[in-house]
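Generate the whole structure from the sequences, applying the supplied hints.
Numbering (the working numbering), first residue to last: 115 to 898.
To be clear, the hints were calculated from the coordinates, so they are not data collected in a lab.
Do not take every clue at face value.
[What the hints assert, rightly or not] Restraint ranges, calculated between C-beta atoms of paired labels, are given here:
{"hint": "1", "residue 1": "S413", "residue 2": "I172", "range": "51 to 61 Å"}
{"hint": "2", "residue 1": "S413", "residue 2": "P654", "range": "40 to 50 Å"}
{"hint": "3", "residue 1": "N505", "residue 2": "Q876", "range": "23 to 33 Å"}
{"hint": "4", "residue 1": "K576", "residue 2": "K709", "range": "19 to 29 Å"}
{"hint": "5", "residue 1": "F816", "residue 2": "M511", "range": "14 to 24 Å"}
For every residue, glycine included, the Cβ atom is placed at its ideal position computed from N, Cα and C.
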Amino acid sequence: MKKYYLSLLLLSLLTVAWGQRKANNSGGSQLIEGLLIDAETLEPLGGVIVFVEDSYPIISTSSDADGYFRLDRVPLGRQTLKAQKAGYRTFYTDNIVLRSSKPAYLEASMEAQKDLKWGDDFRENRPLNSFSVVSTRSFNVEETQRYPGAINDPSRMALSFPAVQSYWDNNADMIIRGNPTATQTFFLEGVELLGMGHFAAPMSRNGGVSALSIALLDKSDFSAGGFAAEYGNAQSAILDMHFRKGNPNQQAYSFRFGLIGIDFSAEGPIQRGQSSFLLNYRYSTLGVLSQFGLYVVRSNVANTFQDLSFNLSWESKDRRKELRFFGLGGLGSEQWLIKEDSTNWINRLDHNSIDSRTANGTLGLKYSEVLGKGAYFQATAGASVNGTIYNVNNAPMDSTRIESNSLLVQQYSLSGVYSKKLDQKFRLKTGLNLYGQLYDLHHDYYNYDAERLDTFLATGLKFNYWARGYAQIQWNLSKRWQILAAGAFLFQGYNNTYCLEPRTALMYRPSKKTKLALSYGVYGQLLPLGTYETQTKINPNETLEIANSQHLILSWRQALRYDLSTLVEAWYQYGSNQPIGSEAGSTFWLYNQRKSFGRVPLASLGANRNYGIDLSIEKVFRRGFFLMSSLSLFRSNYRAIDNNWYRSRYDNHFVANFTTGYEWTLPKGGRLLCSARLLANGGYRYMPADTAASLAQNRMVFDESQGYSLGQSDEDVPVYYRLDFRLAYRKNYKKSSLTLSLDVQNMSNNLNNLYQPFYHFQEDRIYNAYQSGILPVIAMELDF
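Here is the structure:
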């Protein structure tokens with residue numbers, strides 16, 4: 115592995131040395147162009163003053179009647195655009211990294227605000243969706259590239275946000291406010307994603323590596339709760355992602371090579387000025403390295419993945435009609451090999467062979483039309499697929515198959531959205547989503563008592579349908595007060611169950627610097643199809659209800675100065691119809707699981723409650739410096755069949771992070787970014803081991819009657835902490851630009867406990883295993 119890093123570093127240095135001969139030492143300039151629209155009506159905005167912040171002399175222009183603007187001779191490097199128009203909130207772009215290799219093209223929306231002359235002039239990451247007024251922020255690709263340890267993954271970047279923590283260092287799953295990834299839902303251009311990651315488990319969304327390339331990512335929304343009524347089938351949090359358009363006027367290319375993967379991007383016009391394409395392909399260099407016996411995850415693990423993303427866009431000449439065809443697809447393979455020397459068999463990860471293969475994909479066709487008089491219509495047809503093959507053989511048991519999974523779900527959707535700005539005070543938005551599902555699920559698991567492989571899932575090919583509709587209204591009482599009211603209906607065709615979802619919010623602005631908000635809502639979510647279909651020894655789970663969670667959130671945002679703000683949010687969540695074990699004495703709750711749909715009889719008689727407070731401060735990236743810090747204190751409990759409350763797997767009491775960075779401009783035009791992030795939480799909770807049974811059976815056996823009773827108060831479960839670091843060098847040349855980066859995850863090489871204890875195969879004892887130590891990731895990106 116050392117040879118690999120040295121070779122890559124040498125290649126990078128040679129590239130820099132060669133490029134210095136052609137460096138544009140004068141600094142250079144580039145073109146920025148784009149389109150501005152009204153956030154509520156999608157109509158083009160003319161007469162918007164657009165200028166480069168902190169430029170001298172001032173570089174400015176104004177948008178034409180079609181919303182188009184053009185800024186010439188903008189200096190290369192990190193630039194922020196400021197857009198102002200009477201009656202609209204001031205809009206800021208998010209640190210455009212302007213390169214010599216290509217002009218920058220962006221499309222942005224501006225939010226109307228009654229009784230404002232120029233809008234409040236403060237920098238904050240306002241959500242794109244104005245119906246989400248609490249616990250929601252926007253993010254962009256520049257943040258994903260800037261944050262240490264993110265490794266170009268939005269989910270890993272989000273670990274810097276309040277109340278967000280990872281499940282496992284080598285995994286991109288998020289735990290948000292004590293809620294697991296199975297209660298979250300991700301959307302791409304309005305289409306629900308069944309999966310977004312390579313090597314994802316059945317109750318997981320992300321897996322080890324995201325299949326979404328940031329080369330296509332546009333500004334998107336992240337919500338930890340209290341989200342708008344148009345988002346459904348989620349109990350805790352949503353990620354609403356968008357693809358950017360390719361440049362409609364000029365072609366551009368990018369090549370990236372690093373430890374995680376090799377990828378190539380291309381963009382440009384299909385018909386100049388009116389249509390464009392954007393695509394990205396990645397192939398895993400982990401697979402290349404494994405061919406030479408070099409492993410990154412573990413010495414006996416070989417990983418390979420590849421994915422393709424694209425976005426094609428066509429616009430009418432008057433920019434009032436648009437058609438998009440977009441897609442995302444990925445294939446992943448993870449092979450756990452049995453260690454040849456049996457004396458090295460320490461735990462099951464050494465002597466089990468695992469064949470894990472995943473396939474996921476999404477296609478979408480989206481039509482938008484501005485109808486005029488404050489109204490627009492959107493229609494989207496989507497198709498998503500998620501497939502998993504996961505087989506485990508146990509070497510000490512003569513390679514007996516102890517688990518087998520073959521899971522395939524296809525989901526087809528059709529949705530329509532109508533939005534109307536009735537007047538300056540009222541706005542209405544309503545929509546209907548129809549879904550059809552084809553699925554074929556098979557799951558076998560070894561019965562150690564009977565010494566046989568039992569079947570828990572064997573559906574054959576089946577069909578299911580579900581639907582969701584919503585309506586929401588925004589009422590601006592004055593420039594200080596705003597009321598949101600909404601209702602949604604979720605229907606599950608599998609067993610004819612439904613959930614009503616009322617939602618409301620009240621927002622008050624006592625001053626330009628202060629925003630107070632109170633939000634309440636009900637958020638329903640269908641259970642996984644595998645949970646409904648699981649065959650148990652008492653009865654099937656076919657009659658389970660739709661799980662739901664009530665959110666009550668009080669939010670206070672205070673701007674301290676132009677680019678610095680604080681956010682305090684107190685929140686309470688209460689879940690009903692929670693799927694719990696129905697047998698007497700059971701402590702089982704479905705959402706404590708990550709790799710299983712549950713193999714016990716369930717009943718919708720459980721409940722869960724999460725409550726806490728988030729404290730955060732953020733300085734947006736300006737003049738080379740950014741900072742984000744937060745502390746979240748919370749509890750996460752659930753009620754089992756015995757009516758007793760137990761601590762959930764995710765009840766680790768606190769999550770804290772501190773992220774900061776600075777970018778220097780070097781003498782010959784290069785730029786150097788240095789950033790660091792400290793993550794800490796109360797440590798993962800464990801289910802106690804049944805020591806006697808484990809020793810008798812030579813494997814790990816848990817005492818399920820105790821639930822997840824071991825936690826941060828126990829000496830063997832210490833507090834989790836991790837220090838991440840990023841160093842990135844960027845240089846513009848005459849017609850190209852180069853970026854070299856080094857991400858170091860867990861720079862302090864702290865040994866954090868893994869998500870459970872293990873049985874020591876050689877020494878016949880229970881012991882704690884550890885997560886990954888220091889992990890450096892070197893990458894090189896060339897744009898031309």
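Right, here's what the structure says about each hint:
1. In this structure the hint that S413 and I172 lie 51 to 61 Å apart at CB holds, the actual value being about 58 Å.
2. At about 42 Å, the CB distance of S413 to P654 agrees with the hint of 40 to 50 Å.
3. Distance hint check for N505 and Q876: the Cβ-Cβ separation is about 25 Å, which falls inside the suggested range of 23 to 33 Å.
4. Taken as a hint, the range 19 to 29 Å holds for the pair K576 and K709, whose Cβ atoms sit roughly 22 Å apart.
5. Roughly 19 Å separates the CB atoms of F816 and M511, a value that falls within the hinted 14 to 24 Å.
Every hint, counting from the list given before, is met by this structure.
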